[in-house]
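Please build the complex by placing chain B on the supplied structure of chain A, with the hints as guidance.
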Amino acid sequence: MPAAADNGASLLDAELALPLLREADPDEDSVTLAAEAAWPLLARTGIRPDALILATTEPAYDEGGNTQPLAEFLGLAGALSSFELTATDRDGLAAIRLATALAATGQTTLVVASGRRGAVALLLAPSNGVATLTPVAAATEELRDRWRLAGTVEREEADASFVWDAGITASADLVDGPAAIATPNPKAAGRAEKKRGGPGDPLPVYLGAAHAPARIVLGLDQAQAVLTAAGGLAEAVRVEPGAGAAAVADRARAVLAAWPAEGTARAIAWDGISPYTSGPRSWRERAQDFRLEGARCGSCSQLVFPYPARCPHCGSAELTPELLSRTGTVVTQTRDHAFPMSKSTGMAVVALDGGARFYGQVVPSASVEIGDRVRLVPRRLHLGGGAVQYFWKVTSADRG
Amino acid sequence: MPIAGEVAVIGVATTKFGVHHDRSYLDLLAEAATGALADAGVSLDQVESAWLGTAEPGLTGLVGDAGTAVAEAIGFAPRPVTRVANFCCTGHEAVRAAALDVAAGEHNLVLAIGAEKMRDVPSRGSLVARTVNLTHPTIAKGRTAPGQFALLANRYMAEYGVSRETLAKVSVKNHEHALRNPKAHFRKAVTVEEVLAAPIIAEPFGTLDCTPTTDGAAALLLAPVEWARKHAKQYVVFRGFGLAVTSGYYSTFFDPSWDFLGFRATREASAVAYRQAGITNPREQLDLIECHDCFTVTELVNTEDLGVCGPGEGGALLESGATTVGGDIPVNISGGLQSCGHPVGATGVRMMAEITDQILGRAGERQIPDAKLGLAHTLGGPGVVSAVAILGAE
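Protein chains in written order, with my numbering: chain A, 1 to 400; chain B, 1 to 394.
For the record, the hints were derived by calculation from the structure and aren't laboratory data.
A few of these clues could be false.
[What the hints assert, rightly or not] What the simulated footprint calls covered on chain B by chain A, stretch by stretch (three residues with Cβ under 8 angstroms from a Cβ of chain A suffice, anywhere in the stretch; the number is not a length): (1) 139-145; (2) 154-163; (3) 252-261.
All residues carry an ideal CB built from backbone N, CA and C; glycine is no exception.
One chain only, chain A, in its complex shape:
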């Protein structure tokens, strides 16, 4: 097991999550994909990190408010320090730099870099991981590629032929020799990578802030340097694999190989409903909404969801929180053409493994039938009250 270098961090495990379709469902966002990447990682390692860093240039909310729902989804809400990096796509590697600094103080950090095309989660600790990640260089200069002036809606873009070349030039100077290169212009990055004898990019589309971390994970079985540059900011990370690194890379490659190139999701009309919302309700029931927390009755042993005031079966107040399982079998379903958020909305009742039931929407890109094996995934449910209401939806078990 490689120990953390003086200025590096030890990668315990990592996970790549991609949307169900190449073009993400309209209800997938940087938070839901981040949750899908991070959840299996935390479940597999059993580790509760000290810190959470979310890097994304496609946040659900401007000016903060994105790590909170992610922490709730992951069961990390409470004692946790969290950060969001939303400057440029460079922030995927900047998050690793920050996690490395935290590792030097003995902390374990969950880094999630995400966008609407995919997410990567990495667990970084002082030691005992499968690889060492070392931030080796960084650069900052006034080089404007895409920007939006505060208080305005329209985004400005500079002449690509100048900006991308200049950005790559800056990052190229950070390390010597072959390197994986990630920038918002994948073609220019590919040319630069080839010129330097880099490994070539296996990703068919650009993943935004998640792209450079995805390159780290997909190439984890080899020693490599990964460079990223966007908006005048650049970072470089060196990767030294150890025992177990190849298995992490293989898992990520399998996720990538299973990503369908085709398929169309149903559209969602977000303004089709004007739902009742309540701040106190959202806060009070956050564990139920984000974690599917039900209650096990101490008297009659039934697992009850939604979380009851008293056991509806026997009236007992002896209730212990218990999370529902997220896999199951369809009891019944319909496609509802009256629910006004889509031309038709799939609705399913699912007998969850472990005894409870779920009733809710089917994701826009899937259809399910009675008897189908399914799983529950985090999605945007609606935008009631001008906020994102996240919840769980049903999708086929064999997808994604």
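Showing chain B alone in chain A's frame:
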């Protein structure tokens, strides 16, 4: 004293059910309430209290939100009026409360009024919009009334091998029945082909599997049987009245004990009513049933839950013709919710007015020969509330 055997219906009235753009909630309420008094030959001064069933006052600017609507509509002040609601059993609840009022001896002549004005907003803006928008922000988003019953329909068809065509035949039968009911919202025969070809609402239901969105009101005037024997122009007697609430509006869909093949609420409510009425063989003993056919499949499972046939046999019962006019147990001779429509607060009251008219032999073209005992059933929310009233000749 109990309701069963002690409380009588002495007057009934039902407005035309339909889209009444020219009439208000209070207009409909007043027509039904004064109509019931006229039917009984009783003056307004003799009535001591009233109970109002309205399920969704939010569709009418909250005018029916409280008993005040009755004071306003018919000049009832200062007598006591309370509005009650219990989903689609709201009409039954107004009657049940009035019957309890009489049975308790608190008041002598008591009005039960059900009124609902659903078409002051577009039909899509009516109950569907309220279910969509006003329900729980996470665990209920995606549900609509047709979507909830469609879940049962798909499970029911898969489990029992009942065909889509059999569901459609419920609509065909009830539309046929409504040709004889001048008060029904829709009075036009439909074919199986038309039902199957109708625009989809929630698979497998098309528009002709679903009750329309309708305005209407109905009222009953109740009195102690003792009073009725001495003073009433005509009367029928409650033989049983059961109400059962079996699960939560949200929680029932998350309850692993529900098989999506029927409704425990109906089984529990009818068991109470049957016990009170001494009914052990509903198909033999009852002369007619008005039941809650909000969607086609609902009527099939209702006949099973009411014990007219066994589980999974509702389709065969329908196909046998037993529940059609001229059959041995006519179901929804009025046209049911399928054709009358379902102004929620009015529906249960309308059903009991129908049973009363049948027992009194004044149901006109749709009169069932020698009807003596009839049952009125409603089913509320996603099948978690049910009320069953049995009315008979003295």
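Hint check against the structure, violated hint numbers in rising order: none
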